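Residue strings, one per chain:
Number of protein chains: 2
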Amino acid sequence: MIYFDNSATTLVKPKEVISAVMEGLTKYSANPGRSGHKLSMLCASKVENIRNKVKKFINSDNAVFTENCTDALNLAIIGTIKSNCHIICTSNEHNASARPIFEMAKKYNIEVSVATPSKAGILRAEDISKHIKNNTYLVCVNHMSNVDGEIADIENIGNLCKQNGILFLVDGAQSAGHIKLDMKKFNIDMLALAPHKGLYAPQGVGVLGFNNDIEIKPIRFGGTGTEGENVYQPTTSIERFESGTLPTPNILGLGAGIDFVNAHFDEINSKIDDLSTYLNYELSQINGVKVYTHPNNSFGVIGFNIKDFGSTEVSQILSDKYNICVRGGLHCAGLKHRYLGTLEQGVVRASLSYFNTFTECEKFVRAIKQISKL
Amino acid sequence: MIYFDNSATTLVKPKEVISAVMEGLTKYSANPGRSGHKLSMLCASKVENIRNKVKKFINSDNAVFTENCTDALNLAIIGTIKSNCHIICTSNEHNASARPIFEMAKKYNIEVSVATPSKAGILRAEDISKHIKNNTYLVCVNHMSNVDGEIADIENIGNLCKQNGILFLVDGAQSAGHIKLDMKKFNIDMLALAPHKGLYAPQGVGVLGFNNDIEIKPIRFGGTGTEGENVYQPTTSIERFESGTLPTPNILGLGAGIDFVNAHFDEINSKIDDLSTYLNYELSQINGVKVYTHPNNSFGVIGFNIKDFGSTEVSQILSDKYNICVRGGLHCAGLKHRYLGTLEQGVVRASLSYFNTFTECEKFVRAIKQISKL
Numbered sequence: 000m001i002y003f004d005n006s007a008t009t010l011v012k013p014k015e016v017i018s019a020v021m022e023g024l025t026k027y028s029a030n031p032g033r034s035g036h037k038l039s040m041l042c043a044s045k046v047e048n049i050r051n052k053v054k055k056f057i058n059s060d061n062a063v064f065t066e067n068c069t070d071a072l073n074l075a076i077i078g079t080i081k082s083n084c085h086i087i088c089t090s091n092e093h094n095a096s097a098r099p100i101f102e103m104a105k106k107y108n109i110e111v112s113v114a115t116p117s118k119a120g121i122l123r124a125e126d127i128s129k130h131i132k133n134n135t136y137l138v139c140v141n142h143m144s145n146v147d148g149e150i151a152d153i154e155n156i157g158n159l160c161k162q163n164g165i166l167f168l169v170d171g172a173q174s175a176g177h178i179k180l181d182m183k184k185f186n187i188d189m190l191a192l193a194p195h196k197g198l199y200a201p202q203g204v205g206v207l208g209f210n211n212d213i214e215i216k217p218i219r220f221g222g223t224g225t226e227g228e229n230v231y232q233p234t235t236s237i238e239r240f241e242s243g244t245l246p247t248p249n250i251l252g253l254g255a256g257i258d259f260v261n262a263h264f265d266e267i268n269s270k271i272d273d274l275s276t277y278l279n280y281e282l283s284q285i286n287g288v289k290v291y292t293h294p295n296n297s298f299g300v301i302g303f304n305i306k307d308f309g310s311t312e313v314s315q316i317l318s319d320k321y322n323i324c325v326r327g328g329l330h331c332a333g334l335k336h337r338y339l340g341t342l343e344q345g346v347v348r349a350s351l352s353y354f355n356t357f358t359e360c361e362k363f364v365r366a367i368k369q370i371s372k373l
Numbered sequence: 000m001i002y003f004d005n006s007a008t009t010l011v012k013p014k015e016v017i018s019a020v021m022e023g024l025t026k027y028s029a030n031p032g033r034s035g036h037k038l039s040m041l042c043a044s045k046v047e048n049i050r051n052k053v054k055k056f057i058n059s060d061n062a063v064f065t066e067n068c069t070d071a072l073n074l075a076i077i078g079t080i081k082s083n084c085h086i087i088c089t090s091n092e093h094n095a096s097a098r099p100i101f102e103m104a105k106k107y108n109i110e111v112s113v114a115t116p117s118k119a120g121i122l123r124a125e126d127i128s129k130h131i132k133n134n135t136y137l138v139c140v141n142h143m144s145n146v147d148g149e150i151a152d153i154e155n156i157g158n159l160c161k162q163n164g165i166l167f168l169v170d171g172a173q174s175a176g177h178i179k180l181d182m183k184k185f186n187i188d189m190l191a192l193a194p195h196k197g198l199y200a201p202q203g204v205g206v207l208g209f210n211n212d213i214e215i216k217p218i219r220f221g222g223t224g225t226e227g228e229n230v231y232q233p234t235t236s237i238e239r240f241e242s243g244t245l246p247t248p249n250i251l252g253l254g255a256g257i258d259f260v261n262a263h264f265d266e267i268n269s270k271i272d273d274l275s276t277y278l279n280y281e282l283s284q285i286n287g288v289k290v291y292t293h294p295n296n297s298f299g300v301i302g303f304n305i306k307d308f309g310s311t312e313v314s315q316i317l318s319d320k321y322n323i324c325v326r327g328g329l330h331c332a333g334l335k336h337r338y339l340g341t342l343e344q345g346v347v348r349a350s351l352s353y354f355n356t357f358t359e360c361e362k363f364v365r366a367i368k369q370i371s372k373l
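Protein chains in written order, with numbering that gives the first Met the number 0: chain B, 0 to 373; chain S, 0 to 373.
Calculated directly from the structure, the hints in this document are not laboratory data. As the structure is a prediction and not an experimental result, all values here were calculated from the model. Hints are not guaranteed to be accurate.
If you want a taste of the chain B side facing chain S, the calculated C-beta under 8 Å gives, among others [as the list claims (entries may be wrong)]:
| # | residue |
| --- | --- |
| 1 | G35 |
| 2 | N249 |
| 3 | Y338 |
| 4 | G340 |
| 5 | L342 |
Glycine residues also receive a C-beta, built at the ideal position from the N, C-alpha and C atoms.
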């Protein structure tokens with residue numbers, strides 16, 4: 000079995016991550032931040048250590064643990080909503096940001112502009128700046144497309160937003176673990192992470208990092224372990240965004256995932272770079288194969304199609320006949336397919352992790368060669 | 000170490016639950032419902048099997064996996080909100096339901112009545128019915144208080160709501176696993192569960208069960224693996240409530256937790272009944288101890304105070320000097336303490352699970368005797 004669907008979720012988790020989840024089910028299995036006894040305090044301190052680790056990893060003032068990256072994007076978008084204004088997003092947005100933006104736009108009479116890259120391979124500050132209006136209050140940028148790995152120049156977009164006093168939200172679902180993220184350096188106000196992808200964490204925890212000068216309103220309400228007598232949501236402390244019991248085992252897994260990525264960052268990404276470059280080149284040499292991923296993009300997300308074959312059909316053949324797992328279809332990214340002109344066909348995506356091998360890539364190329372002759 | 004804080008989270012998880020989470024990190028570690036390949040389909044089928052298990056466990060038409068029980072209550076309350084109307088809740092509400100209710104009341108001009116029990120030990124249909132108005136559209140009832148285990152007669156309240164065409168929401172956070180829940184029999188429209196408590200599941204997954212005739216609007220938006228081309232949230236299929244990647248390992252743990260509870264229901268609850276009865280009686284015999292839990296209530300939640308000692312102080316002494324973990328303070332349940340008159344003192348809560356022992360209870364009683372002499 001070859002698993003090339005790591006942009007959906009990394010299949011193989013490092014043993015340290017699995018051990019950390021285990022510890023969350025056995026050693027640190029009380030409720031953090033709810034009681035004052037030893038075990039609860041032990042869990043709370045573990046969770047706070049990992050919160051600090053996350054903050055350091057992305058250079059953020061604050062980090063909220065959410066259900067998943069989508070939940071983090073909802074908190075960022077709905078929590079900062081302004082009626083009758085203007086939002087800019089990009090053609091690379093996943094529905095995780097596009098849907099909250101368009102749903103809120105409908106509800107609060109917000110105009111949405113979808114920026115597209117003027118040059119292939121990278122979405123630049125110029126592509127955003129031409130859409131800025133007087134009432135633009137939010138720019139939401141997908142850092143790395145989940146369809147073809149296309150990246151956005153978040154450093155210059157961050158500068159642009161700062162100069163214009165516009166809130167800057169980055170969806171780092173695909174990029175975290177592959178590109179170093181620094182919220183202060185890149186002037187990012189809010190950054191959402193999907194730890195179960197490039198951070199090798201378990202599914203079941205997301206992160207929203209945000210800086211101190213950003214005002215976000217909670218989108219869920221409930222017990223926070225603070226101000227118990229108050230039937231309204233507390234207005235201070237990070238807990239106001241974390242109603243209900245936190246997923247302690249997953250948070251512990253996230254901590255171990257970040258440690259793993261920090262310890263092996265260059266090794267992970269030089270391997271993925273190498274395998275991506277190989278795959279991109281070899282696939283592009285096959286007659287009838289169109290690769291959407293830019294030749295210089297080597298972040299492990301290779302989107303392509305074979306002739307006019309349905310992408311879902313190709314993925315099915317790969318699964319059934321070759322025991323290879325890739326994803327076809329629209330990848331929850333309608334805006335991207337509108338841009339690529341692939342709304343009907345979709346795109347076949349092979350996505351890599353540190354645990355893939357060169358041999359797997361060779362077998363994959365051979366399989367695509369065979370299918371392309373069908 | 001004696002752990003009597005199982006109403007916050009059950010500390011000891013059955014080995015089957017731990018194995019199931021492990022399987023979710025190793026064998027079933029693809030993304031369910033996102034791709035069409037073998038591994039993804041295998042995960043999706045596992046998740047759907049557990050969804051069916053949950054539906055059967057509570058006799059529900061539908062079950063949504065949420066971040067936690069609070070998230071489920073938010074979906075139920077915010078997803079069915081009606082402006083300028085009237086909601087009834089009870090003095091037993093946890094902030095998990097009270098806060099979304101009061102926050103929405105403020106935003107949508109909703110009147111809220113807080114029903115209190117007219118007779119000690121149980122909240123009855125009569126206690127609710129006297130608050131019903133022409134514009135009452137939602138009755139939200141905590142099934143078992145997390146402060147003193149007080150229960151609500153949900154069967155008769157369900158009948159009352161059905162007769163009056165009022166939506167009936169039950170917070171089953173504390174009761175699930177201890178009292179058999181049957182949404183159809185009890186005419187419950189929406190039921191929220193906290194699986195990491197009485198279902199011995201890992202933290203990091205909640206459940207909202209709801210019946211077919213209930214219309215709920217999603218409160219978060221994002222990728223659902225369906226209608227990828229649509230930048231608005233799909234209006235059909237259960238996935239519209241589950242944006243983003245599901246916490247597969249936790250869902251697998253939930254499945255194993257339900258199996259465990261189903262297999263040992265009588266054994267679990269006769270043991271907890273036995274230990275609760277012992278604790279309640281013995282504590283009530285100690286000079287200066289006031290037990291809030293009704294003598295006939297034996298669901299494992301024993302709320303008490305010693306003289307006018309601060310409940311947090313008592314919990315701290317128990318932790319520091321006796322190595323016993325209980326919770327003091329307000330337990331995120333301000334309405335309850337307003338009712339009990341314990342807003343200042345709070346309540347010391349000892350809460351049991353199947354994995355507690357009689358010896359632990361004896362030691363606990365001895366400790367309380369000693370503290371009561373301070």
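Cross-check of the supplied hints:
1. Because the closest C-beta pair between G35(B) and chain S is about 6 Å apart, less than 8 Å, the hint holds.
2. With a cut of 8 Å, the hint placing N249(B) at the interface with chain S holds, because the nearest CB-to-CB distance is about 5 Å.
3. The beta carbon of Y338(B) comes no nearer than 12 Å to any beta carbon in chain S, farther than 8 Å, and the hint placing it at the interface is violated.
4. Evaluation of the G340(B) hint against chain S yields a violated restraint, the C-beta minimum of about 13 Å exceeding 8 Å.
5. With a least beta-carbon distance of about 6 Å to chain S, the hint placing L342(B) at the interface is held under the 8 Å criterion.
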